[in-house]
Amino acid sequence: MTDLLPGPDDPTVAAPRGPDRLLGPDHAAPIPQLDTTSLLALVEEAGLTGRGGAGFPTARKLLSVSGRSSGLSSGRARVTRPVVVGNAMEGEPLSHKDAVLLTQAPHLVVEGLVLLGTTLRARRMVLAVGPEIQTGPVTAAARGTRVEVRQLTGGFVAGQESALVNQLNGRAGVPTDPLVPVFRRGVDDRPTLVLNAETLAQLALVARYGPAWFRAQGTTADPGTFLTTISGSDRSLVRHPGVLEVSRGTTLRTALKAAGTDLPRVAAVLVGGYHGAWVPAAALDTPLSRDGLRPFGASPGAGVLHALAVEACPLQTAAAVTHYLAGQSARQCGPCLNGLPRIAQTLRGLAVPGASAELVVEVERLRVLVTGRGACAHPDGTARFVASTMRIFSRHVEDHLKGYCHAATR
Amino acid sequence: MTEALWALGRGTGVVALGMFTLTLVLGIVSRSGRDAGGLGRFGVAELHRTAALTGVGLIAVHLGSLLFDPYAQLRLFDMVVPFAGSYRPLFLGLGTLAVDLLVVVTGVSLLRHTVGPRVFRAVHWLTYALWPVALVHALGIGTDAGSLWMDAVALTCVTAVTAAVGWRLTSSYAERGRERTPRLVSR
Amino acid sequence: MRLHVDWTRCDGHGACAELLPELMDTDDWGFPIMRGEERDPAVAVALENHARRAVKACPVQALRLLG
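Residue numbers (the working numbering), protein chains in the order written: chain H, 1 to 410; chain V, 1 to 187; chain R, 1 to 67.
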């Protein structure tokens, strides 16, 4: 079997079943010029959070490079001009939203970047694009602006903030010690603000239509819309895989139905990608919001929703995912470099019916061992995925220990 | 008096060679991350440092005694600029070269927290030049050159270094005595 | 005062764990592992000198004391 889960092979927009904000008709209204205070207030009020995975409050990120958070008085003459970076690296194999966004609405991303860059008096505005993405449309959209479109080398970890900044600085695209965060020293040694491409696009809309408009969709705690990439573990499970814009708080069931999912055949859904967590079929009415997903150890993240068929063996799937993740290590930090392959190997062992119960103990031990012991969150995310797998599929694990796997009998 | 100074010069020189040989071997053991002889990894590293600094101290006396020995006729200039001396210029020059290298390596090592790990590591590679230069200097210089005991000392030193460097080049060295994947050092 | 590991530098040499066993142990591959829950553990006043020695002993300068 292949090591990668099948993703959508034709990342087109699925049948629209939700708001058409990002991927809808063109937004002709001009974006107003804003000063820093107004921009910060706008973003704060809208409650926009990052759409790249971590979901950090965007207003707080803006504050970190605006020169205001460190208590500097407004009378200070020299504040280092920052660099603003759009992150469209899309290192997650199951995600295609950045590719779609940059093809269908690249001007929104460019506008968001220009708005930020102008307001924050950025020295440079860079859009970092992953190797899988077509740069034609966004390069055209960026013409005449100060936005530099840079296509970089990829990989799962390449989109991590400091890895991205390193690549832009001409160094190897691997993370650095988080002791000095990029918002203090990043591209060209300047305070650097890195935001996901979709976050920038959302920002461009918030600037046009205001925070109330943004909050008209989604929940109070988790407002707005977001782009999901919906896929299934086999071709017949999800009939219209692709990128779909949904409101935050939409149920998993609704989103999957819009993508033509054969719901009775769903065993569980991987939410958030390879660093995410599983939501079991019994909980398909879980709202896709931070609060809704938290009980499962999941978050909306970069919007990946991958449905696993009941006929599939979840442990074989997990073994394939962890094997991939181990191969994607930046190879700098010992616990990750050595620990992840061992986790993958242990899961491979568990994926064979008749596995020994020691392997269950070993998986848990290794998972804890790699957590929090690296320069980036790659081992932590992997550990999260593994913990979720063992928890949600505990019955299946027990079956394997007894020498039985329902998938093997088909 | 001059005989005493000459003897001091020879003695400190030979012992320093032994110290630097020990330093190099311990450096390789330390780099391997193995706990040798119950010293602990920190112990191996500290012993490596002590042997090195002892060698430096001995060289300081070595230079001083030769400077003040009228028979040796060593000028201060010859202690810094190699191959300009009148007595056995080649071998003397190698000694001067070794001192130059030693000053750089020792200086950077003592200041490693200031210069950072990359500069420290890059300069430390010079020790692989320092040792053979010091060895050849010892073999060819002075009145002990060619003597049986001097050759025996040299042979012992060469054997130790060859064994250590040979071990350094085996693939199991990187694993530090346990099954692990060596890291990729990108910076 | 907190002890911080730069994981991109750490090569699992292990001198640190020998000098500060109260705070650190080593894992399967020789890399230091903090005994508590914190990623950058607080160093008790009584251990400060030992911590400083451990920081100096690291051959690749992967350790730092913060604050």
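It is worth saying that the hints were derived from the structure and are not from the lab.
Treat the hints with care, since some could be wrong.
[Unchecked claim] Across the chosen pairs, the derived CB separations fall in these ranges: (1) H:A28 with V:H113: 56 to 66 Å; (2) V:A122 with H:G170: 12 to 22 Å; (3) H:D285 with R:D40: 33 to 43 Å.
Glycine included, C-beta positions come from ideal geometry on N, C-alpha and C.
Structure-based check of all given hints:
| no. | hint | result |
| --- | --- | --- |
| 1 | H:A28 with V:H113: 56 to 66 Å | holds (59 Å) |
| 2 | V:A122 with H:G170: 12 to 22 Å | holds (20 Å) |
| 3 | H:D285 with R:D40: 33 to 43 Å | holds (40 Å) |
Hint compliance for this structure: no hint is broken.
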